Amino acid sequence: MSAEPLVADHGHAADEDGHDEHATTTGLSHTKLAMWVFLGSECLLFGGLISTYLLYKTRGNGRTLPTDVFDIPFTSVSSFVLLMSSLTMVLALSAVSRGEDEAGRTWLLATALLGGIFIGGQVYEFTTFVREGVAFTTNPASSAFFTLTGFHGVHVSLGIVMLMSLFVASVKGKLTQRNAETVEIVGLYWHFVDIVWIFIFTVIYLIPAD
Amino acid sequence: MRLPARPLGRVSGWLLSLLGAAVATGCASDAELDTFAPQGPIARELHSRGVLPVFWIAAVVLVGITVAMVWLIWRNRVKNYEGDDEWPAQTHGHVPLEVGWTVGFFVTMAAVAGIMLWSLPTVDATETNLMGVTVDDRSVEWEPTVVVVGNQWWWEFRYYFSDQVDLADLRAHGDAKTLPPADIVTSGQMVIPTGEEVELILTSRDVIHSFWIPALNGKRDAVPNRFSPWKIEASDPGFYFGQCTEFCGLSHSRMRMQVVALTPADFQSWVDDTTQDAVEPADPAALAGLEVFSGICTSCHVIEGVNDDVFESADQASGAAPNLTHLASRSTFAGGIFNLYNADGSLNRVQLEAWLRNPGDLKANYTVPGKQYRGMPDLDLSEQQIDDLVAYLAGLGNRPADWIIEATQVE
Amino acid sequence: MSDTATSEHPEPATGAAGEHSDADHDEGHAHPSDWAYAKIAIVLAVITALEVFTYFETVLDWGVALVPSLIFMMVVKFYLVATWFMHLRFDSKLFGRMFTAGLTLAVGVYLVTLTVFEFWV
Amino acid sequence: MAITEKTPLELGPGDTARYVERPLGVFTRPQGGRGWRDWLSTVDHKRIGILYGASAMFFFVVGGVEALLIRLQLAAPEGSVLSADVYNQVYTMHGVTMVFLFIMPLAAAFANYFIPLQIGARDVAFPRLNALSYWIWLSGAIFLNTSWIVGGGGADCGWFCYATNSGVAFSPSHGVDFYAIGLQILGIASLVSSINLIVTCLNMRAPGMTLMRMPVLTWMLLITQFLLLFALPVITVALFLLMFDRLFDAQFFNPDAGADPLLWQHLFWIFGHPEVYIIILPAFGVVSEIIPTFSRKPLFGYEFMVFSGIAIGFMGWGVWAHHMFVSGIGPISVAAFSLSTMFIAVPTGVKVLNWLATMWGGRLRFTVAMKFAVATVAMFTIGGLSGVTHSVAPADTQQTDTYYIVAHFHYVIFGGGVLGLFAGLYFWWPKVWGHFLNERLGNWNFWIMLVGFNLTFGPMHILGLQGMSRRIDTYARGYGFEFWNMAATVGSLLIAVSVVVFMWNVVKSKRDAPHLPPPGPDPWDARSLEWSIPSPVPEHNFDTVPQVHGRDDWWHNKYAENDEGTVVRVATVEEAAQTGEATGVHLPSPSFWPLAVAVGLPLIGYGLIFNLWLALIGALLTIASLYSWAMEPVDDPDATHDHHDDEATEGSSTEGDQP
Ligand code: HEA
Ligand code: HEA
Ligand code: CUA
Ligand SMILES: [Cu+2]
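Residue numbers (this note's numbering), protein chains in the order written: chain A, 1 to 210; chain B, 1 to 411; chain C, 1 to 121; chain D, 1 to 659.
Don't read these hints as lab results, they were simulated from the structure.
Just so it is clear, the structure is predicted and the values come from calculations on it, not from any experiment.
Think of the CB as a built atom: it goes at the ideal place given N, C-alpha and C, for glycine as much as any other residue.
Each hint should be verified, as a subset may be incorrect.
Pair ranges (Cβ atoms, derived) [claimed, not checked]: (1) 126/B with 130/A: 43 to 51 Å; (2) 482/D with 369/B: 34 to 42 Å; (3) 574/D with 66/B: 12 to 20 Å; (4) 71/A with 210/D: 53 to 61 Å; (5) 129/B with 71/A: 51 to 59 Å; (6) 124/A with 79/C: 24 to 32 Å; (7) 73/B with 624/D: 56 to 64 Å; (8) 210/D with 68/C: 42 to 50 Å; (9) 68/A with 68/C: 21 to 29 Å.
Anything over 10 Å on all C-beta distances counts as not near chain C; from chain D, calculated [claimed, not checked]: (10) 65; (11) 72; (12) 77; (13) 81; (14) 260; (15) 262; (16) 266; (17) 270; (18) 303; (19) 307; (20) 511; (21) 516; (22) 610; (23) 616; (24) 617.
Generate the whole structure from the sequences, applying the supplied hints.
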């Protein structure tokens, strides 16, 4: 849901000692710390979903299991796409923090695009699964599968929205070297979603069901 | 024979005084579910090894802490502190002390851990205790086992003598709704032989229930899609009360059960009786009752010899209703909450009729037409039909022994 | 963790750029070059290729080594992204601690849960 | 979306001129003032704390009335006050209300109000997110309770709502849908606020306020936030599975399709056990402030208090299956969880003995706050020890799901948590409101509550051991349950009286306040930073951010120990305290958007249950509000009243770190 701290609210109240807005106790930015704290919490969310799927992956109730219809080559390609989006993401950050706005925009767009391809792949995967008899309500395994990958998909989609917002901000000239940190924070979220998929790809797709 | 339940023992005594409550005058004499009155070897060992030692440790700690606290308050209290500006010595801590009590607690808890490990087998380990039982003139070596199935809101007990089942079989079979056919299927009251450890295999057909006969052992949940082991044992013949203890919906409070422990000989004659099909009644009212039963009730209930070979499934969320073949041989009905017989040994017609008139009045249920029922619906029976049915039902099986009927009368 | 709140940033909020001069906290070492990132990505791509390779058992039978090696490759990828792309290598340890706290807790708690469900047998 | 918001990164002196755009939407930006609208847009951590506290007390009465209904129904056998159906709803909503709508938000009130004060900060790290947390929490609380009206009744599945009884087939009313979605909304609120407060504790401490100098209340609250941070996502997962099962026919808990109902239990209790420490640790913190103050000694073994708190928080993650000893998880799992559970008694015992050692050799002043605090320790110990008796798994097979458990958890929750927080109310009331609670009424409140509490829950030990099951709407005559049930009911009425006395005290002490001398900054001769500033606390908290030199810094500003170890006063409170007269302190600007975001969430909830179009409207409202929020500069360029921007730049130059 909207639990993500989308809002980079900032504690001005505390920063008010007249000369240094960013004097925090640890010297670290509030927002970045908040994002890391939040990602720590997300581990337990995805962990729960992944465990649910693992527990249920062979419970088919006599119907087709998700593992029966996996298309590993296809998923490999989309996993690869998502993995590479982490590269473009980090390049976007690096460009923005060097002040190369143009390049930053390109990489942001590339990242969003790669994310979009991944989501497109997921939509395609879901529809073929349903056609092959694995729908959300088919059996515990399929419910768990769609819930897990669906949650991940929603996270990626939120990430795309954030990337596009950054892109628009940059076009409007509001995203400059000075607030590269915003890009970094979105990047952290993006990479996290990527490493979750690294986990899912191995544990859900590659490791054989039994 | 109603076994005198011991009132709560010493422990509740100290609890009382510690909690500052009044003297234990209100303690019941009829505490049928008393957890401090074990009646079988398992429960007794559980009590003396598992429960009492940790209660004693807790009591000692509690007394220690309380005494220390009262003493500290009494000693250091400043009665009139208005205007008092004195400061005591400012001690900040004392590492050896801290280490000391940490170790002290650790050692205490290690003792508690020992208690746990020592008592765990008393409830978990099972022994092989084959027992000779004659079924249909065939004698079998029976490992006393009862399959216990929870339903909203009654218990089913299944006995397998001919084709014995164990936990592994049932786990492989996997489905509580299509259990293998049993020699005896009964509900509400479980009959066991005394002096034998009886293994229970618990499961459920709808929601989670929990099987608990406090006098014979602790409890274990009956979980749908799972088969869990448990065991009970009664030393003496007797009537032992229980209550479903996992919240299971509307009538959870009205889901009870009893264990009837019989001597092995009595148990054998119970088996002899109960493995028989229901006999065709002779009396015309009862025959009319059978008629009604075959028309209306067979959509849910089974009476062996009447509809056991045609029965398909009940209109129930659980897909089951109590097997009524030997209804009259039990002393309670409807989830063990009503007496089937009055204290004088006569049939409790009033409640049985009321039950047939509208079960939901006596025991809250959920029977909205068009949805899956939970509990028995109002069947709109005429008084005539009810009379006939009662006549029929009263003849299903032999009346239980007097002492059982007597022990049943809780109120 | 530094407890002084008085570090003077000439230019606040330059989270990612390499212009942190103060040494009293460990945020903000110079970040790697784009080429370094690209190298990491290449390594990641290669590992992914290896992973996918295991799927085609006809090519090579991994036997019992399959699952451990898949897990190993996964961990390496995970680690590389977290440390390089997410800058845990360069940033304050506190960030890493927050994250690993959640991660270890999640792994621990859910492994125990699956064990209780006799998932491994 | 915040990502377009560059204010926090760019706003510096003189920069404000660039922010000419107005926020989107129909609202004009709230300017701050005195009226009720100001409360809707406030981002001040103190006001948000008060909002949390007041709402929590409201729900205490709601949950308390539910409790009284339970007790009236059970006063005698065959009770007929409530039907079985209503009883099940009432006890479920009692548990849910008390845990999620009373004790957690009351602890949140303390956290919001006092963490910034105790660490010497002007506000929390993200003031608007803080407002968001509160409003989301409130919208979730209201949502949950509207199920009585629009949902066909409250949830009726027990507060842990075990599968499969929670499925549509077995709980056909919408009550459980409201439970699933309502707790989800409450979870978002707590998650956001836990992140906020963690960052606050780590990042906003005053100069010199190292972690090991933080007051123990702040420490315990920080640990609580970490528990929330990691526990909430687990129940989030569980609630999603439940919601998908109920609303979209998923198969997570359908045993007929091969699902395992125990999955819910694990997920619930992985959350649920840390949750009980979420309930108790704030009270431990409160007690750790009050006992030293009124013993006139520093807390004994500060480090051990902190580390045992951490240990409790940590160990709390490895014990959840002690709620499942009889569920059939197998003897090895049972033994393992039984062992892990027991050893939590060690760090908890360390805490208890350190409190006693603090009192040892002290000069104890039994104000009402102190009475509550000491009672907390005593009553919690009883509850903790009955917890130890459950932790012996075989013994627990006789105890679980009986009133013995009900006794245990009310002793720890009420005897520990509620009494502890009441202690806090009496202690900090003058700080928050600028006048004392009446001590005489407070004494009545305390003694009636203590007696009533023991009379209510003490007999439940006996009832449980006599075999009375929990969650039963009636019991038959003849089991021997009559006497003690009646006693418990009488006790619960006494508790109600004590709560009414408390409310009367609130009213009366406010009415009497003008005729009494004000408490001044530091009425109790206390130790931590919040007592160094005026009561009530000025909007900007601290005139100058304090420089901290050690633990109990404020106390050391007043007193020193001479060579013989005798305490001598070095300054009066008036000399040492801040005056609260600083002007031009820069404060975050109020905003309506947190409220608007929060309004959208229950709409999504109703929509999911009744009509997806409504959900769409809710979602649009939430998203639009989030975007508007992001576009709204953190600091309002148009704000003109004091304490804001331009003046801030001037005012602030007079500040600086005065050691
Ligand atoms: C504030 C909340 C709170 C707290 C702090 C605790 C603390 C503890 N709880 Fe409790 N518990 C609940 C709230 C809480 N609990 C609730 C709500 C339930 C029921 C949920 C439900 O089913 O609805 C429950 C249920 C519950 C169960 C499950 C019972 C069942 O359903 O079968 C168990 C089992 O082990 C348990 C154990 C413990 C233990 C060992 C502690 C320990 O942390 C206690 C430690 C404290 C002490 C031991 C006292 C002080 C120590 C000393 C003085 C030192 C010396 C002592 C020794 C050496 C022994 N609790
Ligand atoms: C914070 C947690 C908390 C608190 C404070 C309480 C407080 C109380 N609880 Fe409860 N309780 C739980 C948490 C809590 N409880 C939980 C989690 C369960 C388990 C639920 C489940 O099984 O699912 C439970 C279950 C539970 C049961 C068992 C129900 C059952 O199993 O069937 C009972 C029975 O007596 C009970 C009683 C009480 C009583 C009498 C109080 C009293 O202390 C209440 C005192 C408060 C008042 C009495 C309010 C008084 C105020 C007024 C009346 C003011 C009048 C109004 C005006 C003047 C405006 N509680
Ligand atoms: Cu069956 Cu409770
Ligand atoms: Cu617990």
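At 10 Å, judged by beta carbons, does residue 610/D keep clear of chain C as stated?
holds (35 Å)
For the pair residue 126/B and residue 130/A, does the Cβ-Cβ distance stay inside 43 to 51 Å?
holds (47 Å)
Assertion that residue 303/D lies farther than 10 Å from chain C (Cβ)
holds (17 Å)
Residue 72/D clear of chain C by more than 10 Å, beta carbon to beta carbon?
holds (40 Å)
Non-interface claim for residue 616/D: all C-beta distances to chain C beyond 10 Å?
Holds: least Cβ distance 33 Å, greater than 10 Å.
Residue 482/D paired with residue 369/B, Cβ distance criterion 34 to 42 Å:
holds (39 Å)
Would you check whether the claim that residue 511/D is not at the interface survives, using Cβ distances to chain C and the 10 Å cut-off?
With a cut-off of 10 Å, residue 511/D remains clear of chain C, as the shortest Cβ separation is near 43 Å.
Take a look at whether the Cβ-Cβ distance between residue 574/D and residue 66/B falls inside 12 to 20 Å.
violated (42 Å)
Does 21 to 29 Å hold as the CB distance between residue 68/A and residue 68/C, or does it fail?
holds (25 Å)
In terms of Cβ atoms, is chain C entirely out of 10 Å range of residue 65/D?
The claim holds: residue 65/D sits with its nearest Cβ about 37 Å from chain C, beyond 10 Å.
A cut-off of 10 Å on Cβ-Cβ distance, and residue 262/D was said to be off the interface with chain C. Does that hold?
violated (7 Å)
At 10 Å, judged by beta carbons, does residue 307/D keep clear of chain C as stated?
holds (16 Å)
The structure shown violates the earlier hints numbered 3, 14, 15, 16, 17.
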